[in-house]
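Build the complex from these two chains, which are given one at a time in their own frames, with help from the hints.
Chains as they are written, first to last, in my numbering: chain G, 1 to 249; chain V, 250 to 1110.
Among the clues, some could well be false.
[Said to hold, decoys possible] Label-pair ranges, simulated between beta-carbon atoms:
1. Leu-145(G) / Gly-1021(V): 39 to 49 Å
2. Asp-88(G) / Pro-632(V): 19 to 29 Å
3. Ile-1020(V) / Val-30(G): 29 to 39 Å
4. Ala-17(G) / Arg-1100(V): 49 to 59 Å
5. Arg-1100(V) / Val-30(G): 42 to 52 Å
6. Ser-247(G) / Ile-1020(V): 39 to 49 Å
7. Gly-1021(V) / Gly-154(G): 26 to 36 Å
8. Arg-169(G) / Gly-1021(V): 53 to 63 Å
[To be verified] To give an idea of the chain V side of the interface with chain G (calculated C-beta under 10 Å), a few residues:
9. Pro-252
10. Leu-253
11. Gly-257
12. Gln-260
13. Arg-261
14. Leu-551
15. Leu-552
16. Arg-553
17. Thr-554
18. Ala-557
19. Arg-559
20. Arg-560
21. Gln-561
22. Pro-642
23. Leu-643
24. Met-646
Keep in mind the hints are simulated off the structure, nothing from the lab.
For every residue, glycine included, the Cβ atom is placed at its ideal position computed from N, Cα and C.
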Amino acid sequence: MNTATGAPDPQTIVQAADLSRRYGEGEAAVDALAGVSVGFPGGRFAAIMGPSGSGKSTLMHILAGLDRPTSGVVRVGGVDLTDLSDQDLTQLRRDRIGFIFQTFNLLPVLDARENILLPLSIAGKKPDGEWFDLLIDTVGIRDRLSHRPAEMSGGQQQRVAVARALISRPTVVFADEPSGNLDSKASNDVLELLRHAVDDFGQTVVMVTHDAHAASFADRLLVLADGRIVHDGDAVTSEQALDLMKSVG
Amino acid sequence: MLPLVLRGFMQRKVRVVLTAIAIALGVALMAGTYILTDTINKSFASIFSVANRGNDVVISPTQNLGRETRSQTSPITDQMLAKVRATPGVSEAAGSIFTPGTFLDVHGKRLTNGGAPAFVASESPKRFESFKPVQGHLPLGPDEVAIDEQTAKRHTLKLGQQMIVAGSAPAKRYTIVGITRFGGGESFGGAGAAILTPTEAQRVVGLPGHFDQIEVAAESNPAHPVSANELRGRIRAALPATVDVRTGAQQAAKDTSDLESNLGFLRTFLLVFAYVALVVGAFIIFNTFSITVAQRTREFGLLRTLGASRRQIMQSVVYEGLLLGVVGAVLGLLGGLVLAPALNELFKAFGAELPHNGTVVETRTIVVSLLVGTVVTLLAGLPPALRATRVPPLAAMREGVEIPPRVLSARGLIVRLAIVLVIAVLLAALIGGSVAVSVVFAALWVGRLSARYRRGARPRRYRVVPALARGIGALVSWRGITGQLARENSIRQPGRTIITAAALTVGLALVAFVAVLADGTKATINQAVSRSFAGNLIVENSQSGNNEQGIPAVVAPALRRVPGVAGVAPIAFTEGRLKGSSSNVRITAIEPSTFGQVYRVEWKKGSNATLLGLGKDGTILTKSYADSKHLKVGQTISVLTPTDKHIALTVRGIASDNARLLGDLTITLPLAREAFGQRDDALNFVAYSQGASNAQVQPAVNRLLAASFPQTRSRTAAQFKQDQASQINTLLALIYVLLALSVIVSLFGIVNTLILSIYERTRELGMLRAIGTSRRQIRQMIRYESVITALIGGVFGLVIGVVGALLVTTLALSDSGYVQSIPVGTLAILLVVAALAGLLAAQLPARRAARLDMLQALASE
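For reference, chain V alone in the conformation it holds in the complex (with noise of 0.2 Å):
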């Protein structure tokens, strides 16, 4: 039987490739997520090896909320350094700084590395020092910097030209001493770094007397030789426990491995789309297989009769799909090696950019892309191939034999319906778990005040059931006879036309489900800040969806000498974690004199005055952490903080916050500063005096902000709104971009079917031509059916995202004050969107319907 596959296969090449791109490209996105993220992940390996190179033995302060939470006032102290230095075997030893920051040029523009973080790092002894120059020299005194090479190009900076650092102290400006490479890189994997002298990198990011970490080399004294991991253990012994201490090898690894983790979200959500493209994919193998066996079944036949055995002619089938699968997966895996950089760039484009150099094709990569593409199509290929053992041998003698309808005893049903029930669950689950990563990620990136949905959506089940594709083939009627024809062509096989369709549905459906998600995250967002923010200003950092980094908290006291500023209430988000719990809650920390000026609390138990006895041991939780703790006013609970204390909350009060900014607990921001080590402030919310207005008021604001704090900005709740808008955009682009490849997989399977289609009525569309039809009207028919095919796609798949959409919000997000909205200019575009692809599908088709020969068509049998 593999011969006669083999030679069939040859002999129909264009079919092959067709079929073979609906699983390569979900095999591409595969492959390339693998490629992009090892390569990343490789990259950032090299780049840890070479910054722990020097080091012998690495102290860092402990994370004992978790990797996510960095302490904020670090542990490791002047005297820290100095109890090491005097440990035994240690040659010698140095604090070091290395804390986000932001770079400006001296008219205030932002230095950017694309959108690669910007580090404020110190300068360190030689031995220890992973930055060289290449030019000039490191900082040696408070005026001082040195700038890596890549921000030097990328801005032309040169030597003896001023530039401005901020962190947590007001910018400064700082003369060019220096530009540095990293390892054998311009920069720290695309990083910026500002290199300053430790004293003055420690003023700047707001730790004078503290370090971020201690690099410490051992004794290289031969007569007493000291092992890295023996220093370790000394050291170790001599420091408490609010630091880890790991030999440099070790420190690379942690650093290494912390990095995975956290971007193991990127891999996850591109694979959620690979395998999102990988089932409308198997949805086109299923259906060209279905298609080729019944336009095969007089072959069938004739090996029947000529003594194949069902479980041959089962084989030829799966052996079809086998090979088709080897081919779509080895086109899948080369085409990866393509798309791996185009993801880059694609990132890049929506503002965030990884090192990645060389490209990592690790063996898990070929494995898994070759076995989860011809598994995904052998599958698919399989019903068809069950289907094809019931051709009986008689079909090889006469015309227009039907395969008969499989008998299926009680247990055979059963079976069946475990099948089908395990793919919808299998399919509910891929869906669901795409949209539960998507509402992740976009909580990742719309990273402020109401978009904290991070528990947001619950995967939910639903199924496609397309079964009134005749009452829409019907709707969707067109003038003339090409129309109707092609009306009627499309509902002739009404399974083959859903199938065609559903595909199509599956893309357009998590397109219409995310754009209803989006617009309507957007309206609660609107709303949200309308009801809750009763200020005039927010005060943020203007780098946006950065909210790690803050804004110092010396802003507050000066915005409040601007004329017209009534009161700034600063607000800051910290983490901890609850005795006995393994999460961390999250937690806003308020100032209770001046938040209940700026801020219209929902309160369930309490009210304003509650907040100004919150006092340094109480706290007020949301509504919602509450429930699920079972937690009532009066009690207490103890909180592990990110510099390792132990504290004593009593509950104070208890509040719904639509617009998410109070987190699961709610604290005084001296609490925060004193035992969660939270230095920085996230937002300043701004109320003006009575009769001051915007046009004056922030303008002033704006001068202040520029001449000291230039890494901030301040945004009226309106300018707020858009700015949450526009980040919400860039992500639904950014999906819709990934979307867009299941879109075009199931375009390949229009075309697929259209083709299939013409070849088996070659006769009539010879009779056609025969009795007057032209060319033209040929053409015409054949993209009004691909046309009508998309609709009933695109109808089905718009119902059900947006259906699903509100299913999901309704059932999921209703208690948290999500506000449903239907982006009806988007969903039109998208029937549209539809129709042209439909149009475009149907160009091939539609020319080799025409072009077929009237006599040669009536001739074939």
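Isolated chain G, as found in the complex (with noise of 0.2 Å):
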């Protein structure tokens, strides 16, 4: 893996520097991204809001070496992403960065346990015992760890799932919509883990919503409008969020 060279701030476990993206070619071509700069530090929790089409989701997917801007420059935890091969990504995302869905995504053959073991056994890593029992008490599934996700509710599979974004200490999580598909109270219950996972375990995490309650979770608040980022705050409460989105929608 290259090693990182002339990152800004040792602080910022994510960084990207004018980032554009742009789809399609010639007059169908459409920015995604137009000139986006902008750091994480380490233990907080961000969230990324803005309309649909605004480009919170390619921005997403851009930090987390998902997809490649058509300009610019992103670091996670110093390395740069540019001119990373296939299998250095592949390592990346072994070691830095944990994922959690909207859908949950849990693989519906394997049961809870191991589903949040998975990207060790695909790492070929062991799993660290006292960090795993912690980890679903935390999330408190302890009682489900052998059902398959088909046996468990929406809540708790994205309990596990928030446990399995967890499992391999990565530098950063990045959450995408991660209470999108929820009930208010399993709503509730995954994002108060996300801050708790902050707060406590000095996790990264970047999340992207269009829920103004579940941005009211972060410590820091991000609006994206055409591409652009328009609104880079502290925390702030959903009323305030969903003003903020108005003044943009």
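So, in structure tokens, the structure goes:
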């Protein structure tokens, strides 16, 4: 893996400089991102909001190394993603990145325990028993460990997914609308879990959402519109977040 | 990755089993073939070891033209036997006869043991005799016979009853005085054996003073011990080169290995069909994996975001292929154990019965079956596995992410083209090989007059390029929305439909190919017989396809005395080898004075006068043979005969013969008797006197044959054509049965594809149900879809088969007078069968689709 060269701030876990992303060509070209620079310091919980088509998902995909920017540079933990090979990106995902999805994305053939340990088995690493115990108690699914996804509620599945994202102690967890498919109770549970992970485990979390209530759990709120950051500020209440959204929407 | 794969495997049992069956059937045929042929070989090995148990040394005629040709006049004589007896160290020596013959009951009905041959054998001294009487005794006088227990049981023959034995001499009645067993069995490996006294046996088979073999026992005096090998050396030194001298063990080994290579064609023949089924199975594996990889795009994307490398994704698919291959191969191997006896029954039903005691499963059978099944599955799953590696991690986030097409470098393109080419060539070789083998097999079965297409078809390449699926789909149109939807569904993923259909195409193309070839062969025979045969009757051995045995030479003179018969032309077949050549030439022997009257020779050089002037040093070549050896009229060739003589023959004429009655060489019958040792005729052509009607003459001929030569029968040209056609039909039926396996494999492919695509369309089906589509309509839609797929496969199969057959016959057989003919009726039936097969394949998937719970269907993502 490339070594970090000239990282501007060692405290900044994810750093993006002047990102742009263009889909299509010529007349039909769409700029999903038009010059975004942003840094995410460690141990903080950031929420990215924006209306549909604002580029918030694209930003997250690029930050996580799932998509490549048309121009600009992304660093994760000091590593420049620009020229990483597929193999290096794979390694990066194993070591430094955790994902939480809107649709949980658990493997239906595996039970909860196996799903949580999946990233470690893929990477060929031994699980840390204490960490695993702590995690399952934190997310509260000890009594569901041998259940398959089909036997669990949405909230339970998403809590398993949170544990899966944290099991490898990644540098950063990206959450893509983690509460999007949940009722308000389960939604609160999951968001509190993320909050807890940041506060108690020092985890860095970047969450994309269009739910103002979800955004109120974060320390910091970014709002995107038309591929640009139009707001970048500290934690807000859900009402304030809603107003912000209305102003750009 | 492996535990994950195993987990998924166990949860998709239905799919795993359906897919595994696709490969298992091919493996089963392969394993069954090995098991059956090994069992047959082993059975014969034990038979031969029993037969040679009491023999220290065995003397048999040299087979200088290869094992196929047995010398018809044995060089083993009474004088030779006396010489052997005089050799120091010999305690006992006896000559014996063991030659094909015909057994009949007193009413003239053949006493057959299924399709196994029947032999006339001579009684031997006790220590050499392998047949032991279980009732009565061995024959003591010239009117006595002992019969094997199997024949006796099958035809309820009892001691004291009479039976008829016919060989080269006119048929004669014998009294049954003994019933024998061979070794531990009821018979000589299923073959019938009538044991006569040595002198009587010699008379019946037309070898007075001669034997087929001499058996020798060594002196057991402990004062002068002599080993079998030492004795063999002494006897070898005393005898001429026209005989082989072997120890008993050597003889048993030789007999066994001869038999194994004789039966080798059976193994090859069956293996070809196994390979075809495996190729079809590979199509299905490939298709199933392609579909499941497409369906699991999201899962692969997820695994990638969780840190799985491309390699791991590929491994997970490859492991799945490996597991599936092992499951399929093991199922196949077990299936082979069931199939081996079934294959034996199949051959029995088609009139070829071979001994098989127990079940011989060699290590080779297990290793090859498991290896081939696994490797084929693995290879077929490899392209989809590679495709799975191209799933981007982003697929975990979004619905409907397509797998990006691979950008090929020039090198990659070349590599890929090379792989496709290699596969195409392998496929073509397979198909061509199977065709060539079936033609060879046809020739072996349809062994007579016109059917001697021994080196008929050359393998031809043709590529299956099914590009017009849309067109065909549009052609097949139904009224109503279900039909329309079905049509749209089947062309929604044309690649998938085509590969599913292609599996069926392979089987049907071969069926059509063979059907066209067979129809043409029948037409060719009909035309050739009509054109060339100028006589009224053909007299032949009534055992169909048995031209080794022929008819006694004394039949022709007897026929000449029948009122209304103007002339009889005896014809015999033999073989020889040209000096400096390693392959045998087919030789036809004719009687110059009569042949011209009953056969229209198509002369290239010469005329019917050439026949009369042929003489014992002349020969007529077929045009194709003369062309291939660059021989001209007037040139002299040296030919080695089955009796070890080198004779010089001058080319007197060159003729074409589409009926293939004339061999590479045609010689006179007296020369064949004298120098080639051919004492029997193969056919007698009979011409009636002017004004004589068939209604009068044929019954008279039949009366003579029934009385004196019950192993023969007379056929008019029309009857003869009928016989040939029915023999071809028999062979055709056998090939159809074996190809049916491939068609069944492809049906599993249709079932698989339908189930997978229904699973994929769960939501859509739920929607259709929600807006008022009935279960019945859903079932109908799936059935239509299946029928469309089957018909696409069927139409392509028929077109490829027919075009392929026409191409092959045009290129390879046109100069041999092959008449092309297309069996339209058969092809139409095949298409209907394909449609019905599609309907059958749709049953399970249609029911599944109709059973889907509407709400659940709508809720599924």
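Structure-based check of all given hints:
1. Leu-145(G) / Gly-1021(V): 39 to 49 Å: holds, 45 Å
2. Asp-88(G) / Pro-632(V): 19 to 29 Å: holds, 27 Å
3. Ile-1020(V) / Val-30(G): 29 to 39 Å: Holds, since Ile-1020(V) and Val-30(G) (Cβ atoms, about 35 Å apart) stay within the stated range.
4. Ala-17(G) / Arg-1100(V): 49 to 59 Å: holds, 56 Å
5. Arg-1100(V) / Val-30(G): 42 to 52 Å: Distance hint for Arg-1100(V), Val-30(G) holds at roughly 44 Å.
6. Ser-247(G) / Ile-1020(V): 39 to 49 Å: Roughly 42 Å apart at Cβ, these two residues keep to the hinted range, so it holds.
7. Gly-1021(V) / Gly-154(G): 26 to 36 Å: holds, 31 Å
8. Arg-169(G) / Gly-1021(V): 53 to 63 Å: holds, 54 Å
9. Pro-252: holds, 7 Å
10. Leu-253: holds, 7 Å
11. Gly-257: At about 5 Å, which falls below the 10 Å cut-off, the nearest Cβ of chain G leaves the hint on Gly-257(V) intact, so it holds.
12. Gln-260: holds, 5 Å
13. Arg-261: holds, 9 Å
14. Leu-551: For Leu-551(V), the interface hint holds, since the closest Cβ of chain G sits about 5 Å away, which is under 10 Å.
15. Leu-552: holds, 7 Å
16. Arg-553: holds, 7 Å
17. Thr-554: With a closest approach of 5 Å, the Thr-554(V) hint holds.
18. Ala-557: holds, 5 Å
19. Arg-559: With a closest approach of 6 Å, the Arg-559(V) hint holds.
20. Arg-560: Hint holds; Arg-560(V) Cβ to chain G Cβ min 9 Å, cut 10 Å.
21. Gln-561: Constraint on Gln-561(V) satisfied, holds at 6 Å.
22. Pro-642: holds, 5 Å
23. Leu-643: With Cβ-Cβ at 5 Å, under 10 Å, it holds.
24. Met-646: Status holds, d = 6 Å.
Against the hints set out earlier in the document, no violation occurs for any number.
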